[in-house]
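Residue numbers (the working numbering), protein chains in the order written: chain R, 1 to 106; chain L, 1 to 106; chain Z, 1 to 392; chain G, 1 to 392; chain E, 1 to 353; chain V, 1 to 353.
The hints are simulated quantities; they were obtained by calculation from the structure and are not laboratory data.
Just so you know, not all the hints are guaranteed correct.
Below are the DSS-like pairs computed for lysine-lysine, each with C-alpha atoms no more than 25 Å apart in a straight line [said to hold, decoys possible]:
1) R:LYS69 / G:LYS335
2) Z:LYS109 / Z:LYS59
3) V:LYS34 / G:LYS98
4) L:LYS69 / Z:LYS345
5) V:LYS200 / R:LYS5
6) V:LYS230 / V:LYS188
7) L:LYS69 / Z:LYS59
8) Z:LYS98 / E:LYS22
9) L:LYS69 / Z:LYS335
10) V:LYS306 / V:LYS156
11) L:LYS79 / L:LYS49
12) G:LYS259 / G:LYS236
13) V:LYS230 / Z:LYS345
14) G:LYS59 / G:LYS109
15) R:LYS69 / G:LYS197
16) G:LYS330 / R:LYS69
17) V:LYS306 / G:LYS265
18) V:LYS200 / R:LYS35
19) E:LYS39 / E:LYS28
20) E:LYS302 / G:LYS259
21) E:LYS39 / E:LYS306
22) V:LYS34 / V:LYS230
23) E:LYS105 / E:LYS22
24) Z:LYS286 / E:LYS306
25) G:LYS98 / V:LYS22
26) V:LYS28 / V:LYS105
27) E:LYS200 / E:LYS188
28) E:LYS156 / E:LYS294
Quantities reported herein were computed from a predicted structural model and do not represent experimental measurements.
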Amino acid sequence: MGVYKWDDKQIEVDEDGFIQEPDQWSEELAKALAKSEEEIADLTPEHWKVVNYLRNYYKQFGVAPMIRKLCKETGFELKYIYQLFPSGPAKGACKIAGLPKPTGCV
Amino acid sequence: MGVYKWDDKQIEVDEDGFIQEPDQWSEELAKALAKSEEEIADLTPEHWKVVNYLRNYYKQFGVAPMIRKLCKETGFELKYIYQLFPSGPAKGACKIAGLPKPTGCV
Amino acid sequence: MSDTPLLDELENGPWPSFVTDMKEAAEKKPAARDLMRQLELSYKERVGHWKHGGIVGVKGYGGGVIGRYSDQPAEFPNVAEFHTFRVNQPSGWFYTTKVLRQLCDVWDKHGSGLTNFHGATGDIILLGAPTSELQPTFDELSSIGFDLGGSGSDLRTPSACVGPARCEYACIDTLDICNDITRTYQEQLHRPQFPYKFKIKVSGCPNDCVAAIARSDLSIIGTWKSHIRIDAEAVKQYAGSSLDIQTEVVDLCPTHCMKYDAVAKTLAIDDAECNRCMHCINLMPKALRPGVERGATLLVGAKAPIVQGALLSWVLVPFMKMEPPYTELKALIEKIFDWWDENAKMRERLGELIKREGMGDFLRAVGLKPVPQMIMRPRANPYFFWRDGEVK
Amino acid sequence: MSDTPLLDELENGPWPSFVTDMKEAAEKKPAARDLMRQLELSYKERVGHWKHGGIVGVKGYGGGVIGRYSDQPAEFPNVAEFHTFRVNQPSGWFYTTKVLRQLCDVWDKHGSGLTNFHGATGDIILLGAPTSELQPTFDELSSIGFDLGGSGSDLRTPSACVGPARCEYACIDTLDICNDITRTYQEQLHRPQFPYKFKIKVSGCPNDCVAAIARSDLSIIGTWKSHIRIDAEAVKQYAGSSLDIQTEVVDLCPTHCMKYDAVAKTLAIDDAECNRCMHCINLMPKALRPGVERGATLLVGAKAPIVQGALLSWVLVPFMKMEPPYTELKALIEKIFDWWDENAKMRERLGELIKREGMGDFLRAVGLKPVPQMIMRPRANPYFFWRDGEVK
Amino acid sequence: MAARTDFGPPDFHSMLPPVIQKNYGQWKYHERVKPGLLKHVSESGDELYTVRVGSERLLSTDHVREICDLAEKYCGGYLRFTSRHNLEFLVSDSKQVEPLIADLKGRGYPVGGTGAAITNIVHTQGWIHCHTPATDASGVVKAVMDDLFEYFGAWKLPAYCRISLACCLNMCGAVHCSDIAILGIHRKPPHVNHDVVRAKCEIPNVVAACPTGAIRPDPPNKSLTVNEEKCMYCGNCYTMCPGMPLADAEGDGVSIWVGGKVSSARTPPRMSRLAIPFLPNNPPRWPEVTDAVKNIVETWAKHAHKHERMGEWIERIGWDRFFELTNIPFTEQHIDDYTLATETFRSTPAFRW
Amino acid sequence: MAARTDFGPPDFHSMLPPVIQKNYGQWKYHERVKPGLLKHVSESGDELYTVRVGSERLLSTDHVREICDLAEKYCGGYLRFTSRHNLEFLVSDSKQVEPLIADLKGRGYPVGGTGAAITNIVHTQGWIHCHTPATDASGVVKAVMDDLFEYFGAWKLPAYCRISLACCLNMCGAVHCSDIAILGIHRKPPHVNHDVVRAKCEIPNVVAACPTGAIRPDPPNKSLTVNEEKCMYCGNCYTMCPGMPLADAEGDGVSIWVGGKVSSARTPPRMSRLAIPFLPNNPPRWPEVTDAVKNIVETWAKHAHKHERMGEWIERIGWDRFFELTNIPFTEQHIDDYTLATETFRSTPAFRW
Ligand code: SRM
Ligand code: SRM
Ligand code: SRM
Ligand code: SRM
Ligand code: SF4
Ligand code: SF4
Ligand code: SF4
Ligand code: SF4
Ligand code: SF4
Ligand code: SF4
Ligand code: SF4
Ligand code: SF4
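Isolated chain R (complex conformation) (with noise of 0.2 Å):
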């Protein structure tokens, strides 16, 4: 367990850095995120198709997207997912999306 503290916030979580509580989540903890961890400097629309897409999929099903299922739906290959999130969609971008840590696919 931790904290991770951007501007003047602050928010639990675990080792892995995913936030504990997905209710928490925002806009603002999504681009602090893409900064500390991934080394991304700005969202770009691009980067917030993909983590509104993981965030809306797992609202609606309690589960993050399976791979194909999220490079179809965004239209984008995996490879150019690894260019956008270096870590990847799960430790990257299901990270900021603040999604549970997945035990799955993503």
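Given the structure of chain R, go ahead and fit chains L, Z, G, E and V with the ligands onto it with the hints provided.
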């Protein structure tokens, strides 16, 4: 297919004398069937207990109950049910109760 | 010209023709005649012409008659109603001509004049009578001493191999067991009360001449415990015959527990290793005989494929003595009925229920301990349970 | 007094002791020391002391590092973070001491100084480094020519038996196939994109020395078509040795296709009946050799029991020539990836998906015809389908 | 007056010929004298001859009376039937054996069916009396037995060959453990008649009846829907509900299964397995079926070892070889995709080319 | 700078000793010179000696360096590891073989593991690195190998005997096809921590993970419930969700499985089957486990025919006899009740008393 007539009424029945539209069942029909099919002059409260149990069960579950259940819930031994309805629970009681012809257990 | 040209073709050829029988009956019986004509139509159209189902019967019984109605009653009025009786056969299908003739007379009077000797379960099948004749037929059958068999969700007519009546391999009195059980469970046979059908078959030895293991919820199969009896003189006789004892008998013994000395013409069996498969005895009936300590192996669960795939019975009780009044057997049967009836879903056979609930639950319910004879091999998956109290 | 008395006990006995290795590492590495102390606690309490899960890694990759955190970080601070690397081994686990020493140096610098040669999948396991050391370790590994293996829902590190490098039975170039596939599917190996893990293992002959058939979704096993080569001279030598050709070789041939003439000391094989089980070749490697027309049998579906019970791979392609660049093989692999990825549920292995969808669907998807070699025996249940157009 | 009930079948003791009553349980050994003739010898020295006669099973009462005539003439008025629908004349006087056989032959009764022969085909009702058949029973049996007749009355086979027929998947013939099983099958999904379903069916039971879960209730319509993709035409829904017929002249036909057995002799009982997924219904002689059965019988007879049942032979040579020797095409249908499928897959690279 | 990625493993060619490079694919035959020593001979006449050495698998870097020293001294700086975690020294100069072996023995390295021996135990992480173990791996392996050591360096067995260990049902050791498998098992259902489930778990995935359907979602509480009756402690839910731990000092332990094999030699590959459902975790020496394994090995060694693997032996004598000879109690747990259960039942009255 055939027609079953009683008093001044009539109703469609199949070859085995089962009514075709469970909704058209009535107590009078039951009494008439009891007389003509099972030679039961008067349906006693015990007869009705069986008939009502069958109807209620069917309404709730869409199927006739299994015999063990019928006996347990009415408190009658199977032998006794055959005394009440000589053709037995399926051919006798279910017919009088206006259930579809049972394919299952009764 | 004949109006059944397709069927007529089946009067040719050396195997006895059912068409000839139908024609014989048709001479006296309009129902048999219409049956033929309807069948001819089926041959032409390549589909059956019976309606679905039918619930008919006789007073006081829930089973024993299979209702059947033609789907072309106008065309074939004499088979508009054509219900069959299942009549409980004498154990082992033995008859005096006297009772057979009586049966024929009853059937000529009330029915189509057509029969099956026998149905696949073992009953005498009396093929086709109208609804109005059902009760009268039964009344007359009962007066000549024939009762009905099972149908519907009841105990079905038990059957047995010829057993001690004519077979030297019989390790149990198949006929008596069958007869006794049938009489004991008349109520269960005649008044459907189970979740589904229940079949019992009795074979005198592992040759299983009634195919009990393939098609009975409870399969009772004779076996022995003591050693195979060898008649040394008879072995010598076989040695001089066309039988090649080494290759035909010894080499095919599945447990490799036989030794044949071709010079001395002697045969030795390591009985501890023998699994009583019957092969050697079958080939040398004069020389080899089952042991003298006899009883039955009880197996459970066989059934045809509907719904979840066919099952063969498997061992429940490796060895049970079988002596009248078969108290131990009946106590077990009743525990099985009870557990099954209490737990099964609609139309769930015993084997399917055990499959769903697990042998463990079943064994505890009927009060038996697990033994390795119940299985061919232990589980390969690590998904097993621990019961209350087993783990602290 | 030692603070690891239970572990110390495991330094006794003739088998090499992992405790000794841990102590060696502990002399230099606080992490190894804390690992020992935490393990001692586990030995005392009889439970593990690692937290659940952990997602860590290196940039650009989705797999290759297993995250692990102590559940007693205060007590064992040096293993509070203790992640392992899976490093892709060279095919066949061959090494020069030079690269091994380089590996050791990297690991001494960044990690615990403890390794596994090798993990059960085949990788080199570098056991334990804190999160901050992950990227630096990988950067150095890459500079000495080592890349990461798979983890998560990706292609796992393929592996191969020693094959043509040292085994006369090898019917295919196991090492080259393994290496080639690994290189071809780097993307699938490093960036999880499948429904679950996918394993490929390559054995040179049916002895299957990498246990491919038991634990790889795609098992590539060498075999041959032409006849077993017999060296008559060598047979004669074996005849004079302690090997009893008749009982040890011929009698154990599963297809009974061998004949041995003890007088002439000659061996004959009916190759049409031989199923290439390898038994005779294994026993007489100087006299018998696999045929010259060689290739592989491809089998699919093996896996450990989670979730629906373990599976062994079964035959998909009875025979495929195996020559670089393995075009046919790769085309098939890609069709399999595609169908599986498109149809599987989360965490459903290939074998489980085929089980759920049926071989028919699978075969049509990958463009193969059904052949009897795919099965041990046909179905026993009558529940089969007809496809559009098969029935008019 | 209501009839007497629950008195049970006639006591078999009263049906046994005197020689059996005397020697009950005392039989010592038997000989297979010749095809169709068994001789059982008792500890007492008594002998009993059994003449086995093929039967069409569907017998007219007059035919039964003719059998009675024969039994009275030669057997003191006793006879029995076998577990496979054959007739057995029980002769205690050895001098009557040959005259009986001659009389039988004269009347066209086939004598045989014992030992390594093809005995009667256990079978079922078919179009004669059942409501669910996918083929006829008696007609197919007659055609096949005519075609295999030479194997009934002679010992020309390596071992027993038990053929059975069932006209639908309910398998009343319990064909699933036969050396050769002839099984009627449908190949089209049920044609749902919603009115009938509404009026006559217990919908929850119909839904539960489907082994593949192809049936879903459709509460608004008080009916149900069938996912045809998932239906494998077992007909169990029709058994439960008249609104789901699947009989169809083109769809229906026969499948052939091989290699089952029941006895534990040598090898344990085992189920028959699919050899031919479909042959058309082609009455009155079903030539595709008779050819297929004969081909299988004769291929087995040619290649099997002595005492080797169909299934034992196939397991020895391998199913791959079986398809090759019989020239039966191998299809997708042969590969199991039901619950135990993975147990039937070949998890070894050891097979024959 | 980001690291180079996707370049793949080192090319194995560069790792092969010269004698292998030269004779690659040209090996003609081999001899098992003595336990632990193989000799391969090439078409070219070249010879290669392999000295196999038992390894604890968990190696310190210093230990690896010592191995390198040896390989440099005797093998020109080349070596390999085997698919069962052993070490192989590849000697091209026959004169170096005995000195190498002597040196190894002097340093306490066990030489052996070839032929009809007990070679290394394939195993997994256990308490050393994994989060789901029900037992330790390295410790149990050490205890068992110490106990069976005499069979590693000598040929005293009828055939191969491959032992494997996995510390939980995930079976990373792929133990399911081993002559003897040692498998860690839990015996208590997961202890649900609802707070953790809520915060950290993808509930639908957890529900889907349960093979027996014991887990139901509990939407009002955003958590789930476990039907403990249906749980058989596989731990798959815990793999998916940290809120479902099942490790427990009393509940956890070891089960023993026997009779699996992988090679197709003689008989097809087959799975191991349950011999002993539970033995306690008793570190550091697990005496119940070592005794049990030794008993099974020695009972097999005593009764099996030459070349007969554990499973081949058991199938020949029957599992009933196996339990008798090994004196292992037969329990309810041995009887399968999972999906393929009926395939394991004894559908024949043919068995031994
Ligand atoms: C008459 C008979 C066939 C024959 O020609 O011999 C027969 C005929 C029918 N059987 Fe049967 N079964 C007959 C022996 C069998 C056997 C063999 C046996 O008992 O040894 C089996 C296989 C063994 C078993 O029980 O598993 C058998 C398995 C079925 C099944 C499938 C049951 C299952 O659990 O798999 C059904 C379907 C059902 O019960 O709904 C069935 C249903 C039927 C019905 C009642 C049709 C139906 O769907 O309701 C058939 C009535 C035909 C008719 O119109 O006369 N019949 N049925 C056999 C009974 C004669 C007798 O009493 O002697
Ligand atoms: C390291 C290794 C064991 C070892 O000590 O050698 C290992 C370790 C783990 N395996 Fe494994 N598996 C390892 C080879 C295997 C094998 C054997 C093989 O690959 O040949 C199997 C059986 C074959 C198979 O894949 O079916 C195997 C079947 C599993 C499973 C069950 C998968 C299944 O479909 O049945 C899991 C559970 C999962 O994936 O969630 C699993 C999961 C795990 C995890 C990741 C634990 C988890 O639940 O997340 C373990 C991490 C341990 C750790 O902390 O380091 N591991 N795992 C092996 C990988 C080393 C390597 O890369 O060389
Ligand atoms: C009469 C009958 C019993 C009855 O109560 O009706 C019977 C009678 C005998 N059987 Fe049977 N079996 C009879 C059906 C069966 C069945 C059941 C079936 O086929 O449905 C089987 C199981 C078949 C299977 O395994 O699929 C059966 C498997 C045997 C065997 C084992 C053969 C084998 O090698 O697998 C023997 C032993 C033998 O033939 O030597 C046997 C032996 C015998 C003997 C020799 C027993 C004896 O000593 O009297 C009898 C004469 C056999 C003959 O036909 O040559 N009987 N026998 C049945 C005759 C049926 C018929 O009309 O053809
Ligand atoms: C080195 C190794 C391959 C590798 O790439 O690492 C290997 C090497 C050889 N194996 Fe193997 N096998 C190796 C793992 C296996 C495995 C896999 C396993 O155990 O996990 C198997 C399958 C085991 C099983 O069936 O469960 C295996 C089943 C065989 C067999 C078949 C034995 C049988 O009768 O079932 C042979 C044939 C023989 O021994 O004659 C064989 C034969 C051989 C030969 C003789 C092949 C040759 O000509 O070089 C090699 C020396 C055998 C020896 O140890 O005496 N190898 N061999 C593996 C050594 C493991 C170890 O350290 O002990
Ligand atoms: S089962 Fe055995 S006892 Fe009964 S008739 Fe057949 S061979 Fe004789
Ligand atoms: S009964 Fe079977 S197992 Fe026993 S000795 Fe005879 S052939 Fe062998
Ligand atoms: S699998 Fe075959 S080729 Fe490979 S090492 Fe083993 S015996 Fe040799
Ligand atoms: S490889 Fe096997 S099947 Fe072929 S001849 Fe040799 S032992 Fe027989
Ligand atoms: S097998 Fe089917 S069609 Fe034939 S009698 Fe039995 S239920 Fe009827
Ligand atoms: S025929 Fe069988 S599979 Fe098809 S819908 Fe009816 S019950 Fe289901
Ligand atoms: S077997 Fe289980 S506990 Fe052991 S390493 Fe694999 S996943 Fe972990
Ligand atoms: S341990 Fe396994 S069986 Fe038990 S609840 Fe978890 S997933 Fe289900």
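Evaluation of the provided hints:
no., hint, result
1, R:LYS69 / G:LYS335, "holds (18 Å)"
2, Z:LYS109 / Z:LYS59, "holds (20 Å)"
3, V:LYS34 / G:LYS98, "violated (30 Å)"
4, L:LYS69 / Z:LYS345, "holds (12 Å)"
5, V:LYS200 / R:LYS5, "holds (20 Å)"
6, V:LYS230 / V:LYS188, "holds (11 Å)"
7, L:LYS69 / Z:LYS59, "holds (22 Å)"
8, Z:LYS98 / E:LYS22, "holds (21 Å)"
9, L:LYS69 / Z:LYS335, "holds (18 Å)"
10, V:LYS306 / V:LYS156, "holds (11 Å)"
11, L:LYS79 / L:LYS49, "holds (16 Å)"
12, G:LYS259 / G:LYS236, "holds (14 Å)"
13, V:LYS230 / Z:LYS345, "holds (19 Å)"
14, G:LYS59 / G:LYS109, "holds (20 Å)"
15, R:LYS69 / G:LYS197, "holds (17 Å)"
16, G:LYS330 / R:LYS69, "holds (24 Å)"
17, V:LYS306 / G:LYS265, "holds (22 Å)"
18, V:LYS200 / R:LYS35, "holds (23 Å)"
19, E:LYS39 / E:LYS28, "holds (11 Å)"
20, E:LYS302 / G:LYS259, "holds (22 Å)"
21, E:LYS39 / E:LYS306, "holds (23 Å)"
22, V:LYS34 / V:LYS230, "violated (52 Å)"
23, E:LYS105 / E:LYS22, "violated (30 Å)"
24, Z:LYS286 / E:LYS306, "holds (20 Å)"
25, G:LYS98 / V:LYS22, "holds (21 Å)"
26, V:LYS28 / V:LYS105, "violated (30 Å)"
27, E:LYS200 / E:LYS188, "holds (22 Å)"
28, E:LYS156 / E:LYS294, "holds (13 Å)"
In this structure, the hints that do not hold are numbers 3, 22, 23 and 26, in rising order.
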